[in-house]
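Protein sequence lines, in the order shown, are assigned to chains A and B.
Just so we're aligned, residue 0 is where the first sequence starts under numbering that gives the first Met the number 0, counting upward by one.
Just so we're aligned, residue 0 is where the second sequence starts under numbering that gives the first Met the number 0, counting upward by one.
Since the hints were made in silico from the structure, they are not lab data.
For clarity, every value in this text was computed on a predicted model and none was experimentally measured.
Don't take every hint at face value.
Unchecked claim - Derived CB-CB ranges, DEER-like:
#	chain 1	residue 1	chain 2	residue 2	range
1	B	735	A	127	36 to 46 Å
2	B	56	A	285	51 to 61 Å
3	A	336	B	58	50 to 60 Å
4	A	261	B	708	47 to 57 Å
5	A	236	B	735	19 to 29 Å
6	B	103	A	285	55 to 65 Å
7	A	126	B	258	51 to 61 Å
All residues carry an ideal CB built from backbone N, CA and C; glycine is no exception.
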Amino acid sequence: MVSSSKAERLREARLAAVENLLELGKELDVDFVVSAGDNFESNQVGRELIRQTKEVLEGFPDLPIYIIPGNHDPLMEDYAFNAEPLNSLGPNVHILTREQPVEVPNTSVVLYPGICRKKKSSQSPLKWVPNREKDDRIRIGLAHGNWMQLPNLSKDDYPIGENAAEELDLDYLALGHWHSTFPDPVNSYGKRTFYSGTPEPTGFKENDSGNVLLVEINSLEDPPKINKHEVARYSWVKKEFNLSDEVSVDGLEDDLNSNNSDREKTLLRLKPGGAVPLKVMEKFDELTGKLEDSFFYLDVREADLDIVPSEQEIDELIAGTGWLGDAVEYLEKLASGKSSEPPENWKMEDPPTKKEAQRALEILYSRLGKED
Amino acid sequence: MIFKKIELENWAGLYDSRISLSLTDSLNVITGPNESGKSTTLEAIRLALSTKGSSRKRAVKSCQPWGTDLKPRVELEFSAKGNDYRLEKTYLKSTGNASFAEKLDAGGWTTLAEDDDAHDRFLKTLDLTSAEGFFRSLWVPQGENLELEVNEGLQSRIEAAVGTAISESGDAILDYVIDNVGDAENTGWLTSKRRNPSSGSPWDELAERIDQLESELGDLKDKRREHYDRLEEIGDLQQEKKELEGKLRQKEEKLEKTRKKKKEWDEFRNIKEQAKGAREWYNRLMKARQNWDDRMDEIEKKDEEISSLREELNDLEEEKNEKESELSERKSQYKSARESLEKSKARREYLLKTRAVNLNEKIETLASEIRELDAPDRDRFAELKEIHDELESSRRQLEASELSINIKAIKNLTGRLKLDGQGEEITLSGEEELKRGAAKSFELELEDFLDIKVETGMEGALQVKNELENYEEKLEEAYCSHKVENWGELKELYERADSKREKKKNLLQSLSDLALENPKSYSKSELDSLQKSGSEHLDDSFLNSIRNSPPKKIRELIQQNNEKIAEGKEVVKKKKGDLESAEKSLNGVKNKIKEVQNEIDTRVQLKKREIEGLNETKKEITNLDEEFEVGGLIRQEADSSFDRGTEENGKLYRKLDRAWGKARDRRDELEHEASRSKPSGDEVTETTIEETEEAVQELKEKTRKLEKRINRLQGEIGNTADGLHEKVREKKEDLGEKKRQLKSVKKEVRSQELLRVALKEAKERTSRKYLEPIKEKVVPRIREMTDGRYKEVRFDSEMKPDSVVRRRRESSAAKSELSFGTREQLFFLTRLSMAEVIGGESKIPVIFDDSLVNTDERRIKYARQFLKEAANSCQVILFTCHGEDYHWNGEENRIELEQLP
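Bound-form chain A, shown alone (with noise of 0.2 Å):
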């Protein structure tokens, strides 16, 4: 887990991705910005960061935001923009907080937002859109939720149907609620329903967040166009890998040497797998230990990775060590797999685990090592 120090600059760094993203939005000179919800953790944020977020918004008076509230801000009595100081933003900066629809000035589009009044619904945000009638405007929904083209997903988070912008003939329906980027607009030209995904990483788990779409609505017929450019602070790294030996811990080292990215402003988590002698683990953990002052925060995850110490350690362990090594001997069969037979007088619930044998063999040979 990160410090939280650390964790401050990682929070501080999403308010500077805003800031990011309206800069961006000003060099590009569009027409206006859209926040699809979730700008807030929750709307019982401190005053610090509400006012940071004041200075950040009026920062940019010339360029439109529309902002919408989500699930994790809904608009409930103690809405964050409901409330001093962020009620009282510049003409620029338009809350939405009805169900109606917004004509964006000097264009020719009209918003729909859909609007989050509690934490979860079942009901889609957008079922008020009414249909379009000899409207040749844009029709552009803003909604937060879940869109149900992936299985499995939860119903009570405002679902979204799988083809809502087709049905209710949007020209481009943006989406918030998931973390990343959705689909990759790489590969998804014709398509009019996008997460942006947050401007600044929140976790490992996110595969493609940091960023921020722009969205290009020449006409009617023409699908949108759509890019996208990060605007992350931080970015945060998995790597999977396998170890087997002394090499595959300094193919790791060299690996990650030759990533030119801003180590102080990474965030690695490394999940090696395989099985290790100790002596390999011990590299290893000199590795990690290295890694964790360049790295901006280090997560090593060995869940996968087993030691299992060498025939020569084992010897090492063993030698002249009396009835050590029948100790030895038994935590060795544990620590591989060939035995799951608890010791007898094993006390503690739950037999003790391979990873555990593994740990317990670790302890002795570095013991070993300082008794020596």
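Mind docking chain B on chain A? Use the hints.
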């Protein structure tokens, strides 16, 4: 360690004696009789090794020679680890009670420590961590040779001696791990507090902190939940409020419309009311006109009626007067008839009473005549007749008894019985009897003549005959007593008496008649007073006419008077009838008069009413008031006549007619307007407005209440949730971190515990192997010693012999089942073997104090053999009073102790 010299003095039974033993490093036998100090020596050695010089334990005090204040002293010279040492202790001495010295190469001694330090130093030198160390197990005092206690020291010595059990690194790691996780109770550094409670353990600290954080997080989550609940409630209430406001707006619009509508309806109703008023005014005028006419007619009619009734009344008055005069005439007639009747009555009464007086006199006369008519003859006749009757009766009985019939049939019979001419059919069955009373004659016709028996009452007849004769005698006597001859004479007497009786009866009848006529007797004085009282009717002429008249005359006069009275009554009755009829007639006329008068009054009242009705009509036709007043119609008297056809009346009537016309026109106009102006839809009244206003107020009230609730909830929310998210997040992060750490600690603990248990078990397993060298020595020796009787010895987990296996049937026997001899041999051999195993290059002493007292000579031989073998590996010190059993041809170091005084 090898003992070189043992010296003790002032020790228990030694008193001020001393024992000094010089020992070799192999076989040493110290013999002596009982109470020569053998066991004392062993005790002294053990005390020296286990207690400090300053000790005041009971065991120490008991070593003081009894009854003295001698200080027991023991000195041990021994070699260990290549050096010679001397340990000296003098007990019950406060200072200078111990010393531990090392022998110098030059031969002298250098004191290494004194007093209690001497003991500590000694232990340290021998690497003994506890008192006596393992020697306690190996050195057996007398009487304790049937058991073995393998303490830790002995066990570790054995393990050390076996060699393969040693693992210093293993021990070190085990110690390290035990330190972290504790022994079996998991009380190590990782899992529980250290000896210094304030420092805590990672596990405990984390667990506590996690509990605390979970509690705090729970509170924050509760706070957040409450906040969300309030938010949801506010949302719902606002939604409700919105709906209510919508409804309120609708209601208010409806109210507005309703009000407008009401205005229209009010106007309509106003017009309608006016139209109604006009209609009513018209109807009233119409009615008034009609009323006027009707009343006028009525008034005239009443006038006529009243007049005719007045005429009738006058007639009736005349008639009444006639009737009254007729009535008074009849009254006077009636009065005179009554007076005449009264006179006749008074006279009759006087006559009756006069006659009564006369009759009284006559009655008295008759009564005396009757008394004279008493008939003694009759009495005589009665008496005789009685006897005669009795005689006749007896005679008849006699006849009857002579003729009574008793028929008895033996068998069935039927027949006809005739009695005095009367016949009857009889049927008897069997022995039945038929009795009949007396008859003058009888006939019996029997159809079936069989045995019958007919009896007559002859006996009875005789009896009666006797009675008859008696009565005849009585009769004769009676004739004589009454002086008559015969019945004829008696009959004559009777007839005479009878005629007298008849006469008497007539007289009595007369008397009775007179009495009836004269129910009361009157005296003359009464008659006089009656005369005085009725003097107007009883005038002198009347009195003179009846004075001295005979009763017959008086009777006649009475009769006449009665006739007169009857006549007079008739007259009075008639006159009364006339009078009543005249009264009735008069009353009839009076009633008639009354009726007519009432009728007149009624007519007058009715006329008054009609006139009043006209007044009412006038009120309705207000613009005609003045004319009416002028007309003076109202002032007209009710019982005076009324003339409709006057000019004033005509004028008034025409005015009325005009007013009626105007009213009609007005009515039509207003009705037309009303029908034209009627609003559409349902009528709207004040009630409708009120209802709608009520509904509006209700909605407003509900809305107000909702607002109040919302405000309250908003107030409750306030700033309570400010920063709540961050607080929850921080707490979660902290909690997550702590849980992760705890998980890590737990994993580490489990890993280390696994290591600990694995090491310990490995060590124990190995330890069990330590027994092998001992078993290798004990088993063959016991087998040999027992001539193969026992082929195997089993040891328990504490390395003590537990049971043996018999060769025979390979059955096992617990040590408790063994004989004392075999048992002591088993433990003797075990100790010896242990000492051998521990020994080796660095010998240790093993001391036996008569340990084989139950062993026979043959097995002692084996013991000697084994002791000799053991002496190669350990120092054997044998205390025994059976020195002859232990000899090795001078190879041993033999010390003889003498019995102490």
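Check your understanding: What hint numbers does the structure not satisfy?
Key -> 7
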